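Can you join these two chains into the complex? Each is in its own frame, and there are hints to help.
Those protein sequence lines, which keep their order, are chains A and B.
When we follow the UniProt record's numbering, the leftmost residue of the first sequence carries the number 1, and every step to the right adds one.
When we follow the UniProt record's numbering, the leftmost residue of the second sequence carries the number 1, and every step to the right adds one.
Bear in mind the hints are in silico, worked out from the structure with no lab data behind them.
Incorrect hints may appear among the rest.
To be verified - Looking from chain B toward chain A, a few residues come up when the C-beta cut is under 8 angstroms (computed):
id, residue
1, Ser46
2, Val186
3, Ser187
4, Gln189
5, Leu193
6, Ile197
7, His212
8, Ile220
9, Ala256
10, Pro258
11, Pro259
12, Asp260
Keep in mind the model is a prediction, meaning the values are calculated, not measured.
Where is the CB? At the ideal position from N, CA and C, for every residue including glycine.
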Amino acid sequence: MTALLDIRDLHLSMHSFEGAAKVLSGVSLSVEKRQIWGLVGETGCGKSLTGLSVSRLVRTPPAEYTGGQILMDGTDVLGLSEPQMRALRGRRVGMIFQDPTTNLNPAFRIGTQLIDVALAAAKHDPAILGLEPGAGRRARKAAARKLAIAMLTEVGIPAAESRLDDYPHQFSGGMRQRVLIAMALIGRPGLLIADEPTTALDVSVQAQILTLLKQMVATHDMGVVLITHNLGVVAQTCTHVAVMYAGTIVEKGPIEAVLADPAHPYTQALLRAIPDRSVKRGQLQGLAGAVPNLIHPPPGCRFAPRCALARPSCLEGPPPVHTRAPGHAVACPVVEEVQHA
Amino acid sequence: MLEIENVSRVFAARKGMFGSTPGVRALHEVSLSVRKGESFGLVGESGSGKTTLTRQILRLDTPTSGRILFEGEDMARLSPAALRALRAKVQIVFQDPYASLNPRMSVHDIVTEPMLIHRATLGLNRQQRTDRAAELLELVGLGPQHLYRHPHEFSGGQRQRICIARALAPGPSLVLLDEPTSALDVSVQAQVLNLLIELQQRLGLTYFFISHDLGVIRYICDRVALIYRGEIKEQGETQRLFDAPESDYTRSLLAAMPPDVGRVAGR
Numbered sequence: 001m002t003a004l005l006d007i008r009d010l011h012l013s014m015h016s017f018e019g020a021a022k023v024l025s026g027v028s029l030s031v032e033k034r035q036i037w038g039l040v041g042e043t044g045c046g047k048s049l050t051g052l053s054v055s056r057l058v059r060t061p062p063a064e065y066t067g068g069q070i071l072m073d074g075t076d077v078l079g080l081s082e083p084q085m086r087a088l089r090g091r092r093v094g095m096i097f098q099d100p101t102t103n104l105n106p107a108f109r110i111g112t113q114l115i116d117v118a119l120a121a122a123k124h125d126p127a128i129l130g131l132e133p134g135a136g137r138r139a140r141k142a143a144a145r146k147l148a149i150a151m152l153t154e155v156g157i158p159a160a161e162s163r164l165d166d167y168p169h170q171f172s173g174g175m176r177q178r179v180l181i182a183m184a185l186i187g188r189p190g191l192l193i194a195d196e197p198t199t200a201l202d203v204s205v206q207a208q209i210l211t212l213l214k215q216m217v218a219t220h221d222m223g224v225v226l227i228t229h230n231l232g233v234v235a236q237t238c239t240h241v242a243v244m245y246a247g248t249i250v251e252k253g254p255i256e257a258v259l260a261d262p263a264h265p266y267t268q269a270l271l272r273a274i275p276d277r278s279v280k281r282g283q284l285q286g287l288a289g290a291v292p293n294l295i296h297p298p299p300g301c302r303f304a305p306r307c308a309l310a311r312p313s314c315l316e317g318p319p320p321v322h323t324r325a326p327g328h329a330v331a332c333p334v335v336e337e338v339q340h341a
Numbered sequence: 001m002l003e004i005e006n007v008s009r010v011f012a013a014r015k016g017m018f019g020s021t022p023g024v025r026a027l028h029e030v031s032l033s034v035r036k037g038e039s040f041g042l043v044g045e046s047g048s049g050k051t052t053l054t055r056q057i058l059r060l061d062t063p064t065s066g067r068i069l070f071e072g073e074d075m076a077r078l079s080p081a082a083l084r085a086l087r088a089k090v091q092i093v094f095q096d097p098y099a100s101l102n103p104r105m106s107v108h109d110i111v112t113e114p115m116l117i118h119r120a121t122l123g124l125n126r127q128q129r130t131d132r133a134a135e136l137l138e139l140v141g142l143g144p145q146h147l148y149r150h151p152h153e154f155s156g157g158q159r160q161r162i163c164i165a166r167a168l169a170p171g172p173s174l175v176l177l178d179e180p181t182s183a184l185d186v187s188v189q190a191q192v193l194n195l196l197i198e199l200q201q202r203l204g205l206t207y208f209f210i211s212h213d214l215g216v217i218r219y220i221c222d223r224v225a226l227i228y229r230g231e232i233k234e235q236g237e238t239q240r241l242f243d244a245p246e247s248d249y250t251r252s253l254l255a256a257m258p259p260d261v262g263r264v265a266g267r
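With the rest of the complex left out, here is chain B (with noise of 0.2 angstroms):
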């Protein structure tokens, strides 16, 4: 579904008042390729390039070298109006619900605008874009009654859902989860991550979860990849890099989680 292929991405030396910055590698040679209908997870420490290749994903940059291919589709080669065509099809939820809401838009607005971006590829009129957007906030678990309410009358978990339904608005068949919920505490966290699981199921959706908690990828990914300084180090299926970590960075992160809090108590 989605072939990532030796892409890097070098953002060039730069000079100016302050003197000049070394250009920096932030992306080298990563290649990933992630099926239809799994959830695919990216863990890496900050700096690592994570959401610099999400950028690239999403075409909202550039790689210098190398090529993505979505459902084997050149995303370079598309043209502006074939892209933007693709772009219902890939969604993105980020991290800080709170960040991530206009605080002047109604719910409603919130959730209909992609679908008046993409009305080309979409066709809805007004009154089927309300109708869906009523429908997603079920399918998310608020409901109709939270339509004309504004981003403030949430919790963070609420706000979370609104997102993921906001991303859901245009049909995607790819969603990537940017830190979904390292904003949120562990007992919302798990409803959220639940909610996410059960969407999965029910609407075939493909995940490129990023995270820097591997309790949270071990929870919801079938393979994962590890980024470090731009490169990845490993990838493959999650039980198994788990288990049997192959690259010393691999195992160095995994001795750096905290223990599991059952086995402390000897459970």
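Pulled out of the complex, with its shape left as it was, chain A reads as follows (with noise of 0.2 angstroms):
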């Protein structure tokens, strides 16, 4: 079986005055309907570069792939013609994005740019309106202001239909972000990537969207990419999770395995700076040290320099991933050892 999203061995870089800064290098996700992956990861990791070379809105130049493959159900994108990407944009990727203000229109009505996206994902699949092909363009608009209403009540809008003539800012955040994820699903992608799209939000509100994301998936059979970096939000809402350090996916695995078991020790480390229950005034422990410079990115593990665990052997080529648990992959040579040791 294809998975839905196949990303291997993605490298990207971005040329800059001081060099070619390797900003992904290697990175393999395989993402299946009905799963929802966490990608968690600090300021600066590539967890957002990943999610928008899915859809090819990283800007070439200055960015240039260097290698990999990005494979929706089977075609690489990556080899794909502007117009073809048009196409599966909104069709077969969706995505939200952080901030809901910015991603809607303030001078027009939220129903006109719902209608309009429906009706552009009409043009690739007239399925969408449920109209026979060649239908009027009066039938379309009508159709397609039907569909609007109906994604709109599905994630959870009272009284979509009179909401339809209302304007962005007549919406709350959380409204506003419903809206956006009903403009995402109604192309019906197969992909939905959710970047960081709770992180404007107040907790209260921020459940009551992860819930909806949740019943989306379920609805839809789609597969999410959830960016974040709250891996309380990944906890709350992921099956799968897939922690990013500078360029490179260092852990992936089932949720549950990943964090009862956390083998990398920047993995680890990022569990121990979290303010959980348990964790005593005090206690809470930072990860000392900074990212590495990606223009001259140290060899082997880009890890190692700020790692307790490291050894000479880890300066020398890129760490071999192993299987730890199935599904469950690291980056880390070092850990297994000491753990059998």
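What follows is the structure, given as structure tokens:
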């Protein structure tokens, strides 16, 4: 069975005045239907770039894909032409972003914006509107309007029909994010990339939006990549998690496996920095040192300079990935040796 | 140390070109007392009145009714000169370390500026101010080598350390921390929180900690108050409030919190 999304050994460089920064170095991730993958890591680790690459929204140049493939249902996105990409965006990949305020056009009613998206999607797949091919413009518009109302209702906006005529500023932050989810799902994408969808929201609203996302996965049979820096959000929502550090995935696997048995020293450090219930005052552990320079990354494991377990062999080459449990992969050979010793 | 008594703030109705806005009751009969040497947490969602309350404490805004006593003195009754002297005692660290440092000033100028403003109270000459700035930088985990650098040369966590050094410069006894770590990554957040705890122990500071992150509040605060639509819904010892919440609002907020990562994993 081919995966919905299969990123294979993706390498991305960003050209700058100081040289080429290797912002993604060998990212591999495979997402199937009904899986919600949490992509976590700190600022600048490449999680957003990974997400944007799937819809090929990274500007090239300055960026350059130096290797790897991004397979959507088996076709490599990196080899598609721009018109082919336009057919794919919103149809097979939907995206939602962090700030629900800036992603809606303040000058248009949300109904207009939703109907536009529905009509654009219908150009590539008329079935979305439920009409016979060759239906007239007016029929298409009416069907698009109906679809917009149905989607808004589905994402939990009360009195959807009357709210179509409202402008974005008449909605609260959480409601705007719901509108954007409706917009992302209107073309019935198989995959949804959600880039920090709840970071700008309060915790109570965040919980509602995450619950909604889970419902949408179940009803629409989608796969989701949820990009976040909040491991609590991942624990609340995801079925799988991939931890990124400096452009590489250091650990990935089913959520229970990774959280119960975090193997990579970076994952462990990240978990120790979270103020959980059990942590007493003053016991929280930060992570010393800084993220490596990606123009001249350290040879071998990129986490080695900050790692307590690092040994000379860590600097020799990229750390081999080994499987700790079914589906649970870790890019650190040392942990295994230490634990077996 | 800080007594807030029945403070209300109403923003008056306004008529403008595009119609009128109704009056907003931003704070309603808020009463809190912060004890010397403790960390007091204020939790609330956006729009609940956290910032409005902070502005009243800093006297950047005047309450419609009620009063605020700092070390027993009613701030509204102070002369302008006395108020200025008192401001050295109450300092603030803001949320966004990228926006709250002037990019054109060196760290030296940023940290010595409050000492210059409060020179009447502090009585430090130029050399003493520079020496104290260097000491403060060391206190927050930076060093004198950073004095003549500019904000863009620092990471988010380092910038927040500079903001903390600036707040400590005039020798405050009360520090307001307005979401000081919400713009930072978790590993950096942990470092900054630990720095704050260490500084509190070393300097005997009192913290008024504003956040919407309940995990951070639980970690750092002795007592907490929950504010919702301008009213205090519940206040009490942190442990008690998290273990046995009394109001429905507190319960719903705790229920919305992401679960402990360790507990999901069954550890």
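Verify the interface restraint on Ser46(B): the C-beta must sit less than 8 angstroms from at least one C-beta of chain A. Where the cut-off is 8 angstroms and the nearest Cβ of chain A is about 6 angstroms from Ser46(B), the hint holds.
Taking the least C-beta to C-beta distance, is Ala256(B) closer than 8 angstroms to chain A? Constraint on Ala256(B) satisfied, holds at 4 angstroms.
When the least beta-carbon distance from His212(B) to chain A is tested against 8 angstroms, hint result: This hint holds: His212(B) lies near chain A, its Cβ roughly 6 angstroms from the closest one there, short of 8 angstroms.
Double-check Ser187(B) for me: the hint is only fine if its C-beta lies closer than 8 angstroms to a C-beta in chain A. holds, 4 angstroms
Does the nearest C-beta of chain A fall within a distance shorter than 8 angstroms of the C-beta of Pro259(B)? holds, 6 angstroms
Less than 8 angstroms between beta-carbons is the criterion; does Val186(B) satisfy it with respect to chain A? holds, 4 angstroms
Tell me if Leu193(B) is really an interface residue toward chain A, meaning its C-beta lies closer than 8 angstroms to one of theirs. holds, 6 angstroms
Tell me if Ile220(B) is really an interface residue toward chain A, meaning its C-beta lies closer than 8 angstroms to one of theirs. holds, 7 angstroms
For the hint on Ile197(B), does the least C-beta distance to chain A fall short of 8 angstroms? holds, 5 angstroms
So, as I understand it, the hint says Asp260(B) touches chain A; can you test that by seeing if any CB pair is closer than 8 angstroms? holds, 5 angstroms
Answer holds if the nearest beta-carbon of chain A is closer than 8 angstroms to that of Pro258(B); otherwise answer violated. holds, 3 angstroms
Any CB of chain A closer than 8 angstroms to the CB of Gln189(B)? holds, 7 angstroms
The structure agrees with every numbered hint stated previously.
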